[in-house]
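**Q** Sequence:
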Amino acid sequence: MQAFAAYSTLEAISNDNDKDIGRMKLAKNLAFLVDESSNLDVRRPKTRMELKRSLEFHIKKRVKEQYVNGKFQDLMVKVIANPKTLQDAYNCIRLNSNVDLGLDGDNISFESIAEELSSGCFDVKANTFSISTKGARKEDLVLPNLKLKVVQESIRIVLEVIYRPHFSKISHGCRSGRGHSTALKYICKEISKPDWWFTLLLNKKLDACVLSKLISIMEENIEGPQLICYPPKDV
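Using the working numbering, read the sequence shown as starting at 1 and increasing by one per residue.
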């Protein structure tokens, strides 16, 4: 009887040891899988969209740090006129153009742009160029140069942080990852057989009424005249 009890005890100990060994092997295998997975993540290069989201995240973090007492404070001076923000926006523009960030960039000084913006000396008109259209009704198309594009992209990302929760889900204009192609895809998918339509004036210029309404909306969420009054009304 004692021998049987001793055998049972040894068998139980052996089973416990086997279970412990099994657990150790399982833990090692899981640790190896986690380590291997992390190594794969390190080796795998980020996609263009992942890189862009990472750059935008840096800017969005700076914006959220300026939220005080229910409003975003001094966004032009503290966020937009920041060389790091301008460089992130510049790299977003390059990614939109399928340019490898590893290649040499343009000869552009983000520090000088930041200084001009923070001091209010940035000249919008001086950073544009015009193209004349052909035909009987000749018009001048005013386009931004690279410096102004960088400033515009910085402002776009900053404003998207503030107003994204208020955007309609069918809003596609000037939004990250959206544009005319996504708008057309939505129309083809969701509005296949429309029985209604409306007219849009594609060449209508921004008038004082629309501009004053835009400024009024911005003042509800933003504290700081530098951003609200940018660009100048005469541009």
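These aren't lab readings, by the way, just hints derived from the structure by calculation. Treat the hints with care, since some could be wrong.
Unchecked claim - Pairwise CB distance ranges, derived in the manner of DEER restraints:
(1) LYS193 with GLU65: 44 to 52 Å
(2) GLY105 with GLU65: 35 to 43 Å
(3) SER212 with HIS58: 42 to 50 Å
(4) LEU143 with SER181: 29 to 37 Å
(5) GLU65 with GLU219: 31 to 39 Å
(6) GLU220 with SER132: 23 to 31 Å
(7) ASP207 with ILE187: 37 to 45 Å
(8) SER212 with GLN152: 18 to 26 Å
(9) VAL142 with LYS193: 20 to 28 Å
(10) ASP104 with SER212: 37 to 45 Å
(11) ASP123 with PRO225: 32 to 40 Å
(12) ASN107 with PHE198: 45 to 53 Å
(13) LYS169 with TRP197: 38 to 46 Å
Stated by the list, open to error - Distance condition first, Cα-Cα at most 20 Å in a straight line; then the derived PhoX-like pairs of lysine-lysine:
(14) LYS149 with LYS125
(15) LYS149 with LYS169
(16) LYS134 with LYS149
(17) LYS46 with LYS64
(18) LYS204 with LYS185
What you are looking at is a predicted structure, and each value in this text was computed from that prediction instead of being measured. Every residue gets a Cβ at the ideal spot worked out from N, C-alpha and C, and that includes glycine.
**Q** Output the numbers, in ascending order, of every earlier hint that fails for this structure.
**A** Of the numbered hints given earlier, those the structure breaks are 2, 3, 4, 5, 6, 7, 9, 11, 13, 15, 16, 17, 18, listed in rising order.
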